[in-house]
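K.L.:
The primary structure of each chain is shown beneath.
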Amino acid sequence: MKVHVEQVAFAYGREPVLAGVCLELPDGGITVLIGPSGSGKSTLLQLLAGLLHPASGRILFDGEDVTGVPTERRDVGVVFQSYALFPHLTVRDNIAFGLKTGRRRFSLRSSRRRPSRHTLEARVWDAAALLGLERLLDRKPSQLSGGEQQRVALARAVAPRPALLLLDEPLSALDARLRRTVRTELASLLRKLGTTVFYVTHDQEEAMLLADHLVVLNAGSVVQAGPPLDLYRRPASPFVASFLGEANLVEVAVEAGGDGRPARTPLGRLPLPAGPVRGWLLVRPEDVTEDPQGAVATVADARGLGPHDRVLLTLENGAEVLAHFPPGTAPEPGSMVRIGVRSRTPHFLADA
Amino acid sequence: MRRLGIAAVGLLAVALVAPIAITAVGAFSRAEWYGERSEGARVADAPALFSYVTETWGGALLRSAEVVVAVAPMALLIGAPAAWAFRRRPFPGSRLLESAALVPLAVPGVALAFALIQTAGGFPRFWLLVGGHLAYTVPLVVKTVGNSVETLDPRLEPAARSLGAGRWETASRVTLPLLLPSLILSALLVFAVSWGEFNVSFLLATPLIQTFPAGLYLAYTTNSFPVAAAATVVFLAPVVPALIAIQALGGDEFHRGLPA
Numbered sequence: 001m002k003v004h005v006e007q008v009a010f011a012y013g014r015e016p017v018l019a020g021v022c023l024e025l026p027d028g029g030i031t032v033l034i035g036p037s038g039s040g041k042s043t044l045l046q047l048l049a050g051l052l053h054p055a056s057g058r059i060l061f062d063g064e065d066v067t068g069v070p071t072e073r074r075d076v077g078v079v080f081q082s083y084a085l086f087p088h089l090t091v092r093d094n095i096a097f098g099l100k101t102g103r104r105r106f107s108l109r110s111s112r113r114r115p116s117r118h119t120l121e122a123r124v125w126d127a128a129a130l131l132g133l134e135r136l137l138d139r140k141p142s143q144l145s146g147g148e149q150q151r152v153a154l155a156r157a158v159a160p161r162p163a164l165l166l167l168d169e170p171l172s173a174l175d176a177r178l179r180r181t182v183r184t185e186l187a188s189l190l191r192k193l194g195t196t197v198f199y200v201t202h203d204q205e206e207a208m209l210l211a212d213h214l215v216v217l218n219a220g221s222v223v224q225a226g227p228p229l230d231l232y233r234r235p236a237s238p239f240v241a242s243f244l245g246e247a248n249l250v251e252v253a254v255e256a257g258g259d260g261r262p263a264r265t266p267l268g269r270l271p272l273p274a275g276p277v278r279g280w281l282l283v284r285p286e287d288v289t290e291d292p293q294g295a296v297a298t299v300a301d302a303r304g305l306g307p308h309d310r311v312l313l314t315l316e317n318g319a320e321v322l323a324h325f326p327p328g329t330a331p332e333p334g335s336m337v338r339i340g341v342r343s344r345t346p347h348f349l350a351d352a
Numbered sequence: 001m002r003r004l005g006i007a008a009v010g011l012l013a014v015a016l017v018a019p020i021a022i023t024a025v026g027a028f029s030r031a032e033w034y035g036e037r038s039e040g041a042r043v044a045d046a047p048a049l050f051s052y053v054t055e056t057w058g059g060a061l062l063r064s065a066e067v068v069v070a071v072a073p074m075a076l077l078i079g080a081p082a083a084w085a086f087r088r089r090p091f092p093g094s095r096l097l098e099s100a101a102l103v104p105l106a107v108p109g110v111a112l113a114f115a116l117i118q119t120a121g122g123f124p125r126f127w128l129l130v131g132g133h134l135a136y137t138v139p140l141v142v143k144t145v146g147n148s149v150e151t152l153d154p155r156l157e158p159a160a161r162s163l164g165a166g167r168w169e170t171a172s173r174v175t176l177p178l179l180l181p182s183l184i185l186s187a188l189l190v191f192a193v194s195w196g197e198f199n200v201s202f203l204l205a206t207p208l209i210q211t212f213p214a215g216l217y218l219a220y221t222t223n224s225f226p227v228a229a230a231a232t233v234v235f236l237a238p239v240v241p242a243l244i245a246i247q248a249l250g251g252d253e254f255h256r257g258l259p260a
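Protein chains in written order, with the working numbering: chain A, 1 to 352; chain B, 1 to 260.
Everything labelled a hint here was simulated from the structure, so no lab data went into it. A portion of the hints provided could be inaccurate.
[What the hints assert, rightly or not] Label-pair ranges, simulated between beta-carbon atoms: (1) GLN247(B) to SER142(A): 21 to 31 Å; (2) GLY306(A) to ARG88(B): 42 to 52 Å; (3) PRO92(B) to ASP301(A): 49 to 59 Å.
The beta-carbon is built from N, C-alpha and C at its ideal position, and this holds for glycine as well.
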């Protein structure tokens, strides 16, 4: 199902949360919404779910206006951050809940009667098998670990086969170790389902791993949307640059007449756009390399992190640059190195 | 620490049980204790005494039952939705109002009774009694149900609705089943409090509309002790199972601990 969000605004009382949000969720794709806490991510998810209703603007499911349609008549499944499993029901009954409700699906495509007893059992079993919950069906939620509860929440949401699956920071209640394994499983599971997915997170790695389409939200507005690597490589603003991973933003000013040929910058000679223009060059830490012809820098700090060495450098003009060197190649703190930029055309961000 | 705890529990048990025990013993004490009752009839043994009690105070017992039957559902219908609103739909001043809902517990029955007569004296006396009892029982419902609402994840209802359940289905399949223990518990508390309520009932009682505890007072002041004690035992009989049920439910809620 294709989802359109058109000029949606929302406020809690007098406090505006979302202002004129426009968004498109591609059919069958995983759209990840990322933003700092308080940016309105969760509110936007609840608007799509129909748990909140916008002050203005429209929400379209496959071209049909669902703005005023209540949650129970939208064809959605929701996984909440707290999982919100029904504590008085077994895992089996939690998963079966959405198959037994008198839901009147909004979209005609999936409108159907309640399944027969036999189909119902088969559907519960399918959802349980998909998430490896077959042996936990008779447990109560309080008898499950955090990871198991998370899987039950997902099984419960997908069992009725919703056209749109909404996940609100579903991994944030898990500890870091578990989160890493679960998110890989989740990524392949969501791809396997083929449902249109809207996934809210504040975790950049999670977003990069899961997203087909990444949307960055800040202070109630969409600041950029697109394929995740595009956003990482070519962010539209310093905010997006530093929110999606670590970023060195080197301030540069180009005099009139620059023509894109390499020019002197604090990081050595780099190609710049035609001037006059002021702005920043985005250099990711992994693009900083040792370069005998490069700019002189002092090593302020170096630490091996395992996958790479994290090196903090100070340029001659006092600016700091973060570099990721291959493991075991970090220079001694206090030593001088010459550094350059690996990528031939670093992304230029014009000063707004 | 442990021994101190045992001692405290022991003292509490003695303090609670002793008066009831003395009353019970009194009720079954020897016939010569009874002597001549004020009415002049002679009671030979315990069974005769009990039949005398039920005969004399049957009307008051019935009246007490009527009051409880009216009060319990009303207290729940007022208290439970109020508790829900206070916890789930807070509005400006709702905190204050929730605290205010507990105030009647501290108002002396005398004051409440006279206030009721002053403001609503024109109502039938039975409904004044019910009103007085509601003032003491609704706060218990608000508190008991409110605590239970507090332990529920506020996302449970959105979760049910996202799974296709309408408001009514959400209430009947999720919210009410989860609140049931606290609803039963508060109903039992209402029953126990309303059944034994004396202050308001005594002042609002008329010779025709009199609840049992009010009648009991007259028994203690005008009859011999064994007669009054026997009346008390008859009166306490239905309370005991309720108290045991309260204990069992309260214990269950306690042992279930925090929700997952």
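K.L.:
Going through the numbered hints above, which ones does this structure break? Give me the numbers in ascending order.
P.N.:
Every hint satisfied by this model.
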